[in-house]
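Make the full structure from the sequences, and use the hints.
Line by line, the protein sequences give chains A and B. Under the numbering used here, think of the first position of the first sequence as 1, with each following residue one higher. Under the numbering used here, think of the first position of the second sequence as 1, with each following residue one higher.
Mixed in with the good hints, there may be bad ones.
The list cannot tell twin chains apart, which means a pair is met if one copy fits it or any two copies do.
[To be verified] Lysine-lysine pairs mimicking DSSO-like chemistry, simulated, CA-CA at most 30 angstroms apart: (1) LYS324 <-> LYS86; (2) LYS158 <-> LYS105; (3) LYS252 <-> LYS105; (4) LYS324 <-> LYS105.
Rather than coming from a laboratory, the hints here were simulated on the basis of the structure. Since we're looking at a predicted model, the values are computed, not measured.
Number of protein chains: 2
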Amino acid sequence: MTVQPFTLTIDATDGAARAGRLDTAHGAVDTPAFMPVGTAGTVKAMTVEAVEATGAQMILGNSYHLMLRPGAERIASLGGLRDFMKWTGPVLTDSGGFQIMSLAKFRTLSEEGVIFQSHLDGSRHNLTPERAMEIQNLLGSTVSMVLDECTPFPATEKEAEDSMQLSMRWAERCRGAFEQRPGYATFGIVQGGVYPHLREASANALTAMDFEGYAIGGLAVGEGQDMMFETAAATIPHLPADKPRYLMGVGKPLDIIGAVQRGVDMFDCVLPTRSGRTAQAFTHYGTVNLRNARHADDPRPLDESVSSSVSQTYSRAYLHHLIKAEEILGMMLLTWHNLAFYQQLMARLRAAIRSGTLDTFAHTFSTDWSRGDIEPL
Amino acid sequence: MTVQPFTLTIDATDGAARAGRLDTAHGAVDTPAFMPVGTAGTVKAMTVEAVEATGAQMILGNSYHLMLRPGAERIASLGGLRDFMKWTGPVLTDSGGFQIMSLAKFRTLSEEGVIFQSHLDGSRHNLTPERAMEIQNLLGSTVSMVLDECTPFPATEKEAEDSMQLSMRWAERCRGAFEQRPGYATFGIVQGGVYPHLREASANALTAMDFEGYAIGGLAVGEGQDMMFETAAATIPHLPADKPRYLMGVGKPLDIIGAVQRGVDMFDCVLPTRSGRTAQAFTHYGTVNLRNARHADDPRPLDESVSSSVSQTYSRAYLHHLIKAEEILGMMLLTWHNLAFYQQLMARLRAAIRSGTLDTFAHTFSTDWSRGDIEPL
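What follows is the structure, encoded as structure tokens:
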């Protein structure tokens, strides 16, 4: 059997936006693509069959969580993350660096790497660029991400530059440590804060290392949508056109649309899943809080324009009831709906790029989105 | 369209056991049948599609929970319980009496009915036999249960008799209040504690009221399996052979098998669903606690003899991980597996009755069940 090499094929563009297909060792992904987050070996409150039914083709796993529990070596002995959780499509894993900064109880950063204490049991761990790649290799990740320092926002130019340079040295070490396998990939991560010339320098440094794909990191950390778009737009022209571009941790629907318009191919975000566990539903008229009593007698579905049976079948009254009664099914159905909403958005973005109508689609979506929820009955 | 009348068709017997089909306004149910419990308008942690995939054909709803939240009138205005939760098959509801005794904060029982305070918000409610039937009518229940007093265990003969006589007077009022519709049913509930002559008197009193089915109530309340079997065996000969017999709240697999051998057709129990949310899985070698560290590296499935993809696909190591990480998917998959285990048990019981091998099946099942879980690797 010939293994499919890791390749991005662009078949349509509309302005800076591109639509195409990413082939991997574990199947193809239509781009632009949204990857649901499966933190600890599960997209929370979803079976893998349900994730697939929403249209998702690739998911994200968090190395930080998995290395601590159940452990990367254990997952390797159980056949890798995909077999462990029975997800047959490709998986992208982050390096663990971002969660170490946000979750670990204590951490020390040095040129060598980062030493931290687990938020679960206080145990001490040492994550180097080499170990980050080893962990992702043990997990069997289709796409591994380099270990980087996610530059905080705000940061001075000097701080952003020093941080970016450290990330570039780590990226070089990750590149060297990555075990090449057909159809697998490592993505470099562009840093540099909100400083265009640092972003350019970072993109150039990574391109020289010849990664299979490039991520834009350090955004969606509080800088706001305008600055996020500016920074992405300042970065993308310096990335190779024939490789996938991944905007990490983004985002809200309008963030995704704007980033697609600027040439981004891949996204991940906890928003649809986390919202689904906190009573928030995405509709084409904006978000809806199902906990609100206005839904208690409403027989209408969440959003009939979303072609998922969950979105079309269950009444708002029923979903409201499940949430008030703290039933697990409420979280299951809202997560399912939200992921279906996101996947449908991506499918519509791809179709709009292919028909050369992306700006019109973006305008219509934005107008609808700002309109607010349907009137109470 | 002709509506199917509510009919039990027995097509095979083996000793006192019977196999057949219960036809209802909302579809057919193969008997002996196990009804998963859907307390508050959802079989907890399961979509209705998943419930159906386990082989379940009929589910149970709790009137007590539904009358308090979201309210019987509200469910009626939303199309009834089946449409509310999108369950297309038949639904049986209890009367609410059992939960008033076990959950309500305060209650006063009189000839008229029972006044109680909601465990949710302390609001005061009055449940009479007539209101219990009205509530179940509003819910659109395929099978309504009469309001009864579940006689506590232990009870003196005098207490059991007084309690049973009250339940019989309430049953008469329920019978009068039931709105007859083709394919719908009301079941009387035999009480009488563990006293055979009281059970006989209760069965005779109910039979004279000509219910569409008969339940054996007041068991599985601490009397033990031997006494439960004895009481069921003392009751069943006094029930009409052509009507379904339902043993309420039972039970463990060996309880169900023994009751089927004594002529019971229908069961419900929270055990498979509640166990699924507390890390306990049913296998043909007994129950397994997936929280136990012995499963952490075990690549074997829960029970390959259960023909459900959940039971056959996921490793014990993965399920253990989900439970340790407190992932919702752990509860979802264990509940699914447990319900599939129960439904497969019922299918095997029906097949054994039809092939005249029920005693052999019961013996083999019991031997396997007592053997204990597979050896650690």
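Exercise for review: Run the structure past the numbered hints and jot down the numbers of the failing ones, going up.
Suggested key: Failing hints: none at all.
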